[in-house]
Structure formats: structure tokens, C-alpha cells
Amino acid sequence: MIGLTAEQQAILSGARGPYLAKCMRWLVDWGKAMGATRLIPVDNTHVLLPVPNLVARGASKQTIEHYVRDLKEACSHRTNSRCICTVHTLFVTMDDLDVPENDPEQVRMQREITELATAAGFIPTFTCAPYLVGNVPLKGEVCAWTESSAVVYANSILGARTTRHGSESAIAASLLGLVPEFGVLLTENRKGTLLVEVSTALNHPTDWGALGYFAGKQAGLGIPVFNGVRRPSQDEAKQLCAALATSGGVTMCHIAGVTPEAPTLEAAFHGDVPAEFVRFTETALRETYCSLRTHTGTEIDSVILGCPHASIREIAEIASLLKNKRVANGVRLWVDTARSTKANADAMGYTRIIEESGGKILCDTCPTNMRIAARRIVTHGFKQAHYARNMIGAEVIVASTEACIQAALTGKWLGDE
Amino acid sequence: MSEVVELKGRAVVKGRAAGEALVSDSVLSFWGEVDPASGKVIAAGHPLEGQSLRGKVLVIRSTKGSSATPMVLNLARLEGNAPAAFVNLEVDSLAALGCIVNGIPMITDLERSPFDAIQTGDHVVVDADAGVLTITKKC
Chain G
1479 MIGLTAEQQA ILSGARGPYL AKCMRWLVDW GKAMGATRLI PVDNTHVLLP VPNLVARGAS
1539 KQTIEHYVRD LKEACSHRTN SRCICTVHTL FVTMDDLDVP ENDPEQVRMQ REITELATAA
1599 GFIPTFTCAP YLVGNVPLKG EVCAWTESSA VVYANSILGA RTTRHGSESA IAASLLGLVP
1659 EFGVLLTENR KGTLLVEVST ALNHPTDWGA LGYFAGKQAG LGIPVFNGVR RPSQDEAKQL
1719 CAALATSGGV TMCHIAGVTP EAPTLEAAFH GDVPAEFVRF TETALRETYC SLRTHTGTEI
1779 DSVILGCPHA SIREIAEIAS LLKNKRVANG VRLWVDTARS TKANADAMGY TRIIEESGGK
1839 ILCDTCPTNM RIAARRIVTH GFKQAHYARN MIGAEVIVAS TEACIQAALT GKWLGDE
Chain Y
13 MSEVVELKGR AVVKGRAAGE ALVSDSVLSF WGEVDPASGK VIAAGHPLEG QSLRGKVLVI
73 RSTKGSSATP MVLNLARLEG NAPAAFVNLE VDSLAALGCI VNGIPMITDL ERSPFDAIQT
133 GDHVVVDADA GVLTITKKC
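Chains as they are written, first to last, in our numbering: chain G, 1479 to 1895; chain Y, 13 to 151.
Don't take each hint at face value.
Said to hold, decoys possible - Heads up, simulated DSBU-like pairs for lysine-lysine below, C-alpha to C-alpha not over 30 Å straight-line:
id	chain 1	residue 1	chain 2	residue 2
1	Y	150	G	1550
2	G	1500	Y	149
3	Y	52	G	1539
4	G	1510	G	1695
5	G	1539	G	1510
If you are wondering where the hints come from, they were derived from the structure by calculation, not from laboratory data.
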């Protein structure tokens, strides 16, 4: 049973209008379903507000309009004054880029929503990695975030507390400043369930992605604990978290001796014996790469970097690899990032170097969200490869950033050995 | 006369629905693995690849992964392609949210494994208000 305060009960009964009553109903019913006993304050949300791009693939215009109408209704209310509310990736870019998949009608609808959303208090970050652009919650801070990779990052790397949210619950949390208290919001549910003993070297961010992709599959809805690894860089942690949430339903992980709630291996398991154990060996690393590799030839047409959205450090690395070089004819090289990160890349001259080489920096969205027409994709993100395979129907190869750039320059995948 | 089996469970999301069972002891992501425009599972190599979820009582281990689960379910519902009900072994909070927002009943914690008790093609009445599944076995 969920106990409500008089004020919460009044909102549920419609004291602040039918839309907020509906939001309260969602949060209460969700809390009941997940075993919550109360709603607690939240002051940090990350919200999904995209116009879906289904019309081109056979869904009706009516469906899109209906969905958009609901989003507009949400955005006609003010966000809670305590809350910082950032916005997740869109399905289009708002830049005037020559990108054939950027449907002008969809852009128009998205602009309408975005104008309403910013007026309502939603900050137009348009990124899957809010923790790179200023939304960096503290340890213990209660959040309501969409984007499963960012949820894993917030809980694991930052020690913040958020369950995995959907669009509706994150909107409700933003407007009401409340979330149902269940799952990893409670300390006892942050205990590791699976010990992953790592016995191979991890040499770059994509190797950390492989570890995450492997462990996510083993962990399911559980909490993996990594032992035997060094401290990852921010980009490595980003790949680990994204891959964990791709192959499994993972909400958080621990890295023994590294992450804020795992000063020791024992602490990660709250003093208990791990329920399950698995080893990540050099063979497992190799097999994880192969498990996603569907491309068998040498020709490629797309190189996609920035999944999750690239950090300024990654863009700097990409620019240095591309300097005074040319991307092969017929190859699309895209670096996906948040527009505030691109502003820094512009200032640093990285954007110019990437563009002079024939590449492009894409803001607000990602190729999978856009459903680009690509046949053979090389990417450094396990998440991108996993979803591009199903959603675009492309052949995929996942490899280090350096190997991806090599493929872009030659137009060929010649192996990473 | 077909065999009829009743199974008790715990309602995660209340409501009543009925449909043909689609059973797979697997996890499924709605984002990227289900196409709301067709209602079909599009995940390469998934045991349910190519199957339509439209109007089905979906009996799976759990959903996984994406925050976009409720959004995809919402779009599938608007297109008339959503499952009629969920019977899950483990409850993924995003599937629960998706069911709440879209008025789709969900049941879990059945008295015996749904993968033993239900086969694809069985007719299943889901009464999540009472926490009971009524399974009419396929002849």
C-alpha cells in the first residue's frame, strides 16, 4: 500500500487539474506495482520528449499526432521549481544540416514541442549523456532519469539514485517533483548480485563496452560487481554503462575499489557472499566482439562515433586522428554529441578539422534514432552496434575509436588484429 | 472439450484481457527489438523474431533495457499492435510503467512456471483484478 500526504491525495483527486491528476495516478500506480510505500521528493530529472519517426515506416500520421499532442499537453505545465530537468536525445537534429533522413515535418513538430518544453522549464540538452553537459548529480541524490545507459552511469559511477524511467514517469516527476520510492532508491536494493572477475586487460573504451555487453547478458535485471580492473576513464565508464543496459536490464553496477559505493569487494555485496560468479577472460573479450559482428566483407559505408554522445575528450582524439587526412569517398563519418559539447569543439577548432576531413558532427540525435540508411556500419559503441543491427538492419562491426577512424579513411574494414 | 487450467498469480498492473498466448523463456526489449508500426519482433536471432505481438498474451521472462519501453508500447497501442497482456517471470519496472500508462494488465509470481503451464497458441484469459489466469489448451 502506498501512503499519500493530504496534498498528494488532493492532486490525485484533481485539485491541480486533470493532467497533474493523471501524472499522480501514474506515479502512484507505478509505485504500487513495484512495492513502494511512499512518494519522495526528486529534484533532478532527465526526460524523453521526442517526436517519433514512424510515418516513413508504415505507421499512421494519426498515431504520431496523438503522441505529439500528449507531449504538448505535458509541456504546457511548469516543471517543479526545485527540479533541474534536462532533455534526452531527439529523433531529428535541429541543425540545418544536409542530412537526408532529417524529415522537415518531424523537425517542425519537434520545434513546437521544444519551444513549449523550454518555456515549461525543460533544459534543451538533447543528449543521452547528461552527465557530460552539466547534469551531474551528487552521491545519494535522488533523480528520475530516462536513458538506461545514463541511469547506470548515475547510479554506479556517480552514486546518485535513480530507477530506470520512461517518458511518462520522468515527465510526472518533473512536474510534481516526486517519485515512488522503490528499487535502487533504497540502499538494500543496491547490493551486488553477480561477481564478474576480470582477468584480461582492457585497453580502450570499447574493451570496457565489451565487458559491459558480456556482463549485462549474465546479470539480467541484477547488479554486476566488477573485480580486478583498474579505474576507468570517463569515456571507458560511459561505454561500460551503456553496454550493460543494452544486453541486459541492468540499473547499476559496482567496480570494486573504484565506484563510490564499493570501496571494497565486500562493501559492493553489502557483506554477503555473491550469489553468482562469472569470469571475463581474454577469450570472452574476443568472443563478445565476434558475437555482435555481422559484417563479413571489407567494404563499409558508415562510421558512427559518439554512442553514447561523445565527450569533448573523445572529439579531441577523433580530430587528432583525422587531421590533414581525408575520409574515403562514399563513407559517412559522423560524430554524435550534445550541442553544448559541439560549441566547445567549435571553439577548439576540432569541428573544423573533422569537417575538413569529410566528417560531420551531429547534434541532438543519433543515427539509430534517425534510422539512417546504412548497409555496413563500423562503430566504437556496443550499444550503437546492437541497435543499428536491428533497427537499421545494417551489418555491424564494433571496434576501437582508432580502428573506426582507420576504416573511415580507407573505406574498408581490414580487421583490428 | 479442451483442457482448462487455472493459475493464480500476483497482479502487477490490474485489468482484464484475453488473447492467444505467445510464449518464450527469453528477455525482450521493446526499443529496438519490437517495431510498433508492424507489432513484430525484429531482433535478429531472438526466439520470437518475426512474431507479431498484436493482441497476444505475451509470456516472457521479462523485458529489458531501454527507457523507451513505455513509449514503444504506447505507439504500438495507438497503432493497434500492442499485446493484450503481459505474463512475466520477473518484473521490469519499465514494462510495468508501460502497462500502467497504456492500460495493459500484467501478472507475475505464478504458482508454477508459466513456461510449463502455457504453450504458444493456448487461449489465455488474464484477470489481473483477481490475480488469475485461465488457460484453455490448444487442441
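Here is what the structure says about each hint:
Of the supplied pair hints, the one linking residue 150 of chain Y and residue 1550 of chain G is violated, its CA atoms being roughly 45 Å apart against a limit of 30 Å. Restraint check: the Cα-Cα separation between residue 1500 of chain G and residue 149 of chain Y comes to about 39 Å, which exceeds 30 Å; the hinted pair is violated. For the given pair, residue 52 of chain Y sits about 19 Å from residue 1539 of chain G by alpha-carbon distance, which is consistent with the 30 Å threshold. As the CA atoms of residue 1510 of chain G and residue 1695 of chain G are separated by approximately 28 Å, the hinted pair is consistent with the 30 Å bound.
Using a Cα cut-off of 30 Å, the hinted pair residue 1539 of chain G and residue 1510 of chain G is violated, with the two alpha carbons roughly 35 Å apart.
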